[in-house]
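Those protein sequence lines, which keep their order, are chains B and W.
Using our numbering, the first residue of the first sequence is number 1, and each one after it goes up by one.
Using our numbering, the first residue of the second sequence is number 1, and each one after it goes up by one.
To be clear, the hints were calculated from the coordinates, so they are not data collected in a lab.
Treat each hint with caution, since some may be false.
Unchecked claim - The calculated lysine-lysine pairs, modelled on BS3-like cross-linking and capped at a C-alpha distance of 30 Å, are:
{"#": "1", "chain 1": "W", "residue 1": "LYS21", "chain 2": "B", "residue 2": "LYS72"}
{"#": "2", "chain 1": "B", "residue 1": "LYS72", "chain 2": "W", "residue 2": "LYS85"}
{"#": "3", "chain 1": "B", "residue 1": "LYS123", "chain 2": "B", "residue 2": "LYS261"}
{"#": "4", "chain 1": "W", "residue 1": "LYS5", "chain 2": "B", "residue 2": "LYS190"}
{"#": "5", "chain 1": "B", "residue 1": "LYS21", "chain 2": "B", "residue 2": "LYS2"}
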Amino acid sequence: MKDTKRRIELYSFFDHSGIEKHLEKMAKKGWILQKITNLFWVYRRANPQNLKFSVSYCPSASEFDPSDSETKNEYNEFCRHTGWNYAASGAQMFIFYTELENPTPIQTEPSLEVEAIHRSVKKTIIPIYFILMLLAVLQGAMFVTNLISDPIDILSNSTSLFTGFGWTMLFILFAAELSGYYLWRHKAKKAAQQGEFQESHGHKTLYCVTLLAVFIGFIYWIISLIINSSYFELTIAVIMLFAVAALIFLVNGVKQFLKNKNTPAKVNMTLTVVSSFVLSFLLIGVVTFGIITAAKNGIFDRESQFYQSLYLDSPPLTVEDLLGNEELSDRYITQISGGKAVLLGKYEIRQYARSGDSDAKLPGLEYTVTVVKARFMYNFCKNHLIKNKDKTEGGKVIFADHYEKTDAAEWGANEAYRRYRSANYVNQYILCYYNYIVEINFDWEPTASQKSIVGDIFS
Amino acid sequence: MARIKFSTLTEQMFYTLLCLKEECCGMDILDKIPEMTDNRVNIGSGTLYTLLEQFCECDMIRETKTEGRRRSYILTKTGREILEKEYMRICAQAEDYRRFFSGDK
């Protein structure tokens, strides 16, 4: 039978009432809080008992205090003197318990409790939450801007979707936490004027739902990376994940080592911040150097000349198909990039003659395939692609750049559009098939048979 | 600053300052207050810790010595003045009460 239990506890930083109730329930089940680490709360087994818990805040304490800190020891001694035993602490939060039926509470003056909590949380938690919220707003703004300017790119990229979704979720959480805290503080100050304490109510459900959603998003992102991404992208993502985990582990290790060595809090904080910067640069340097070295040694050349999507391991349409000459394939370089996400997929295919090829007249081919996985997105994607780009001045077109409808039947498509630019038609088409929209750019005027080849492939 | 922040003292503030007429440490105050008020007033350890920090910041008390984990304090001139002012306020309140109800006796 295990004598310790580790739990991830999702309590709001100011929810002392919620934490107290939870710890009292745990004690009834025979588990007493022993330690608070960065990730877990550690409980030790004991006889099930009715204990009273008290969460209090000591503004002069710090996350960087030495293990044997004077502040911590003095505060504990004060509380022990009135019958409260130390359970655990984290930064400015101290947790005590007692077996006494009617102990003198640790906090007996409501206004001082409100002030102690505020002075404690504004030292670290509030600035961190504001910074994270600001970052979330910036990330969110970038995501929305990109979504407006190039929705297909964003919606077909699982990394963009995950980061956009993750930051939005975190913004909701931080905003709820901060507004929840200030609401509680407002009520607690009012209650304190009447000499009463105000119970706190955190956002445990919101915390659980948000973090679960982010976790599911993360799993989706990892799976889609494994399924859809190139060997190169996947390797970078895995290395970066390990690098971030290593960075957190190392910085935390530095802080804990200095705490154990009884280093003064300010020195510890300075050294931890400096080490986090140095280690970040070092890790980025090592990772970049490793990737460059690996690329030079051809480790990422597994699939093709450049890099390629695993989902599309060969282009659906090639210049060789169109020109009817399979022997040309060795004379071309083919690049495929892109990926897919929940709603959309997008692949860009480029074929161009190898440099140094004797026949300079070999034509190139470029096309983008938008895979519409969700039917309701079809018209949205089509309209985005055929969007009018005419330049106008005073209502007059001064530079025409738009798509015009053309005969779809010869392309075997449902709809077809040809680009009209300046004063001419160019060999650029948008072809709408059942669940593909192909934007194709020829170096030459395609013949009727070449159009039908394209139709055969995509319809 | 001290005068504005502590323009009126709560019972717990009043008795803490009163205890510090003589040099004593935090734990002595935790025992003394219930003793001198016949258990009418109790002060929590966290509350006292915060109060001592704030009184020191406002120069109402000063630290005199540290013995191991015990820090001792004593009332300063500012602290004495604020305590005196509170005493006068309480006396004035008592006087008002007496005057108001004197005709009833």
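Practice task
Of all the hints given earlier, name the ones this structure violates by number, lowest first.
Solution key: 2
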